[in-house]
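J.: Please put together the full structure from these sequences, using the hints given.
Spelled out from the first residue to the last, the chains are:
Protein chains: 4
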Amino acid sequence: MESPEAKTLGVGMVGYAFMGAAHSQGWRTVGRVFDLPARPVMSAVCGRDADAVRAAADRHGWAAAETDWRSLIARDDVQLVDVCTPGDSHAEIAIAALEAGKHVLCEKPLANSVDEAEAMVEAARRAGERGQVAMVGFNYRRAPAIAQARRMVAEGRIGVLRHVRVTYLQDWIVDPEYPLVWRLRREYAGSGALGDLGSHIVDLAQYLAGERLIGVSALTETFIRERPLPAGAVAGPGGSGTGGAARGPVTVDDAALFTGRFGSGAVASFEASRFAAGRKNSLRIELNGDHGSLAFDLERLNELSFHDHTEPAADSGFRRILVTEPEHPYLEAWWPPGHALGYEHTFVHQARDMVLAVAEGTAPAPSFEDGLQVQRVLAAVEDSAERNCVYTPVPA
Amino acid sequence: MESPEAKTLGVGMVGYAFMGAAHSQGWRTVGRVFDLPARPVMSAVCGRDADAVRAAADRHGWAAAETDWRSLIARDDVQLVDVCTPGDSHAEIAIAALEAGKHVLCEKPLANSVDEAEAMVEAARRAGERGQVAMVGFNYRRAPAIAQARRMVAEGRIGVLRHVRVTYLQDWIVDPEYPLVWRLRREYAGSGALGDLGSHIVDLAQYLAGERLIGVSALTETFIRERPLPAGAVAGPGGSGTGGAARGPVTVDDAALFTGRFGSGAVASFEASRFAAGRKNSLRIELNGDHGSLAFDLERLNELSFHDHTEPAADSGFRRILVTEPEHPYLEAWWPPGHALGYEHTFVHQARDMVLAVAEGTAPAPSFEDGLQVQRVLAAVEDSAERNCVYTPVPA
Amino acid sequence: MESPEAKTLGVGMVGYAFMGAAHSQGWRTVGRVFDLPARPVMSAVCGRDADAVRAAADRHGWAAAETDWRSLIARDDVQLVDVCTPGDSHAEIAIAALEAGKHVLCEKPLANSVDEAEAMVEAARRAGERGQVAMVGFNYRRAPAIAQARRMVAEGRIGVLRHVRVTYLQDWIVDPEYPLVWRLRREYAGSGALGDLGSHIVDLAQYLAGERLIGVSALTETFIRERPLPAGAVAGPGGSGTGGAARGPVTVDDAALFTGRFGSGAVASFEASRFAAGRKNSLRIELNGDHGSLAFDLERLNELSFHDHTEPAADSGFRRILVTEPEHPYLEAWWPPGHALGYEHTFVHQARDMVLAVAEGTAPAPSFEDGLQVQRVLAAVEDSAERNCVYTPVPA
Amino acid sequence: MESPEAKTLGVGMVGYAFMGAAHSQGWRTVGRVFDLPARPVMSAVCGRDADAVRAAADRHGWAAAETDWRSLIARDDVQLVDVCTPGDSHAEIAIAALEAGKHVLCEKPLANSVDEAEAMVEAARRAGERGQVAMVGFNYRRAPAIAQARRMVAEGRIGVLRHVRVTYLQDWIVDPEYPLVWRLRREYAGSGALGDLGSHIVDLAQYLAGERLIGVSALTETFIRERPLPAGAVAGPGGSGTGGAARGPVTVDDAALFTGRFGSGAVASFEASRFAAGRKNSLRIELNGDHGSLAFDLERLNELSFHDHTEPAADSGFRRILVTEPEHPYLEAWWPPGHALGYEHTFVHQARDMVLAVAEGTAPAPSFEDGLQVQRVLAAVEDSAERNCVYTPVPA
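Chains as they are written, first to last, in our numbering: chain Y, -1 to 394; chain F, -1 to 394; chain L, -1 to 394; chain W, -1 to 394.
Given that identical chains are not distinguished, each listed pair holds provided it fits within a single copy or across any two copies.
Calculated lysine to aspartate or glutamate pairs in the EDC-like style (CA-CA distance at most 16 Å, straight line): (1) Lys5 to Asp75; (2) Lys278 to Asp288; (3) Lys5 to Glu358; (4) Lys278 to Asp295; (5) Lys278 to Glu309; (6) Lys5 to Asp56; (7) Lys278 to Asp173; (8) Lys278 to Glu325; (9) Lys278 to Asp313; (10) Lys5 to Asp33.
Derived by calculation from the structure, the hints in this document are not laboratory data.
T.: Right under this line is the structure:
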């Protein structure tokens, strides 16, 4: 049905849980909405359980299923490897894929440690010299309101930055009987709210500010130190469901609070928690500059608040921009003004930007380098938290 | 890749503009998210311009393209005809499809006149006896927050209904130089804000109330009576773009305001306008009963406001329910709590409900009968507006 | 303590219930906050029950108490009569006060009938020739956000007006067992939600629009037609408290919905109800013009929403102006930016404007003429409601 | 006009600027609204400039004016001394008043140093043994929504506390040309945003939590280190107005960010800044517990948000309680539901609570002890900020 000369880009995805489903939606939809220089083809998906990965392939529309990620990487019909596994396997898979000559999109956080992330950056650097693209999946950058906010900051609409304040609050483990799933175990998840939620907000803060944190002071807490083991699935990360009688230690943070300094002199505050009852996915960020302020709330992701401080005081105030106009980032391809986009659209936009980077050979953003830098901030946070909150520089 | 015995449902779509794109998204996605008794297959799309429909088929993922809707209906691989054309051709296409033994999903409003709608209902009645399904596309019923609101009304959470108030406000023709597109011409669109926006809010009001309007009093207005003709496209409905020097008369309403009575004694107010500067797609509905109230705003479509009037006064207030929990309608198939859905998800849900109705032989909702009844309300509104606002009964 | 030459203005108030308390707060505070050309002196308050009025004088700070309003009017230390009684006695008291040479501030609605209001206007006209001031107490005009909105409309910030929509919703009689207080009896209150709430919103709509309604179409409803008589107080308006076994008919409207036309061609919708569960004092008004829109909600009375439609679409949206800047109406005399005012401040501002009108001999606003015009709109509403909603012109 | 036997309480106020005006409003109004066991009499006000204090007495309704606070304290008609001066004179005046046998209400922060505050507590302790009352003016405790929130926390509605997060943001010195007023000079103000705004939020956090901070980690910043000297008023704190050519150093913090721990294990974050463009008086506080959450925003001071985490997920969400019901703290004395109070009402409530404490001999809250404890937290914050953010215990 399509012109024979159309360029294609074969995608292979590793992992098919929550993130895998979201990425699939992105790959399946992107070519239907955006004009692209290459058409993504959903070649193969990979998982360890043969039946389950077969079913996931059918469900999400992948042409083939693999049970060994090395086989997936080796496939001729895969030019791009999309890594959607938990953080402990990111480095191994991504580096192998890059060394095999594939482009890589890797879910956030880039890795569970700075060492792994550094190795990934080195692999991406070498691959980049060969024309390969490596991108890390901080998908919230692709919410149109966030992209619009970045555009406005870059245009000078808020002037000299003074403050960034971000919170990312959820409540899914408030109940002490919620079981000890993989996300609560350091060996799989690396850290808790810090890595999962904190990595998003550190990236967003730096992305929107257009500069990097140079130091942090942090405090972390684990409110519930022991939880029921997930019934029947103690060995691996896949376990979930209601807990049984046996209990095990929570080895990650439940909440992380930190402050930081940007090189410009602006200051920032961060809070990531899974213990904020009633806050489901509440990522809120505000930037204050001497010419204006911007504010965003992920639970209202089609809206951006902007205060123009250069206007007369009697007229001014935070305005709610409905980020659904054709002039807004990504929006020209979608619906008429006032028609809301949702969470998964960020993955469609991510797929678009990845395809464009591959096809046009432009530098990908956020790069693995960006992902490493976030990792360094998180490491400095953990370091500070262990050393009595003392201010801890982030290595450049 | 899928089990050979999987049942399929071949879909043919007529029209491929805004609504066609939205419906395509629905058909393409529904089987990837929901477990369905039959898999929809996007067999063919139809439009008058061969090149354009060919491009639309490629873009949206339809296997074939047709230029005559009669040919589309006649195809063996089409069991369901999805009518996405302007209202003036709904009756002819839908009736032909039903008579050809096809299931029909027809965009709203059902028709441009009560007579047409009655003929469609009669065709649907006969087709229903043969096991065919006919549904009208009031997609907003499928916003999870609306479906949740209906559930709560049905459960008695707001008690005896007293008030419904609805406004649907847009602003895309505030500028007097906006051209005379087909939506502003009675011969194509039937009416203006009334049919386009008013049909949605009449349906929603009756759906949520669970009862029908028995009479209305109405006032309509056309603020700008003459507009530039669209450059180069005066003959048909497709014209748009910036206007030229020639002008033509606006033959539909710019705004419609009406009040109404339900059989139960509850009263309602309605306003539909394309002249509310700053309101992009602002459909707001509120219901007040003696035990509680519900409120919804389409611009925040993942939220539902609920006031429980049976609680102590010191504790009570409108609560903002984030309608993203697995317990909410349609949500179990989507993302974790707090992850927003968008406008087009209503079309995915519509596709799901249509497939279920076809596969399970259940009565479709909203039916053509429901669509006819909305048409009768709109006719009574126009009648009242012409007769000095006098209260005008809606025929049963 | 004050300079002997300071000019004073003796005030006498009739009635000391809810409105009397609010007006007292206004008179007591105004000279402490605003620089005034004359200092109001709270000379005397009047009520029928000698003990109760004595207690009210002590409580609210009036120097003397009277039990006959004619005596109050006759006092030498009273130059201004403030009428805070139910509507059925407004005309008699206000006319007598004007004829006695006193300035008059009369609570809204001006009267219970157009005839009475006309007589009051005539008395005010004659008194005006003698330099007396007569003002009607539409206090919400004095909420700073409303005054700021009026200023912005007058400056052309919203351009040509297209729409006004107003609702005033309360919920204090949702419970069918709430007793039959005076406000639910036509002989004392004149009408129900229409006169009490509707008079406010008709005045505000016309005030903000800067023009008058020329016709209306209306529907009214009494949901609960019989209620318990207030225990032990069936004879007069003062009764309240929990109801007993005996019941009586509700003789006023519970809700009134109407639409209207302005002379300019703009259209308006109105709803006043005491049956909107969860809405405590929810007066919301929105104006849409071709250059912008304004919106206000009395439950957030320090805020004004403004959309500037002349801005680029990508930047624009409803901004929340916190109306607490010194540049805003009345605010220079109060607190620093961001410090909220409350409901009763509208009465302080009303007192200020009344004193200025008296001292400077300027035309008072809103005048009795304005009050009469509102009365004519309400009469047209009742007329239309009785005649099947037919569009009913408002006499000029 | 009042019964001769009515008990009175003579009040003398020192200072008559912003806080003096607000306190005057409180003393003038309290007896008109609340039933009190003693009637406050506004006996005398004190300030250094004889003409200015005379004018302030006239304006605000004080019977006499004094230019020496020692004379004011010595007056027989003064039983209560209300200290509204800048923080550097609090200790001297308050201690002298207590030693002279007077009750004392002292504005916040209690003092500019822990040493001074300790001396004040000791004086209050001795005075308390003689039956005198000493209270510190954390007026926001008296916002009805805050008092209601405290009530709900005490009732266990949010369960075990996990998080408190508070920000107090203003923007009045964003402009680098704003002059070097007394609030920006350490010798008068003690500290900057920290003492002025931070003291409020530390008190509120501890008050609502019902427990005390045991340690903090802090970062402070002065964005603009030099500002124009106020024209013609360099010597004292009274200077304001537009700046001249000469400049001087800003010796206080512009912003303070800190985290903290409560004894119970809950964690807290704080931010106080005068550099948040568009935030006028934005004090926001949220508490998360395992049974629910509460949130408040001073810019919407009649509202309290509450999430009940014990409700079914499908129904739950943050509800907006309009804190204007007679069941709410302080509200029975005011207006009907839905009628908003303002900022200055907190001072009326403070006056009420002070009179009750004096008349009934109950322990005042917040006590000087509470004020000292806030001072200790602020000192720990400054200490931590100077020592590289290291976690710093708050002395018990």
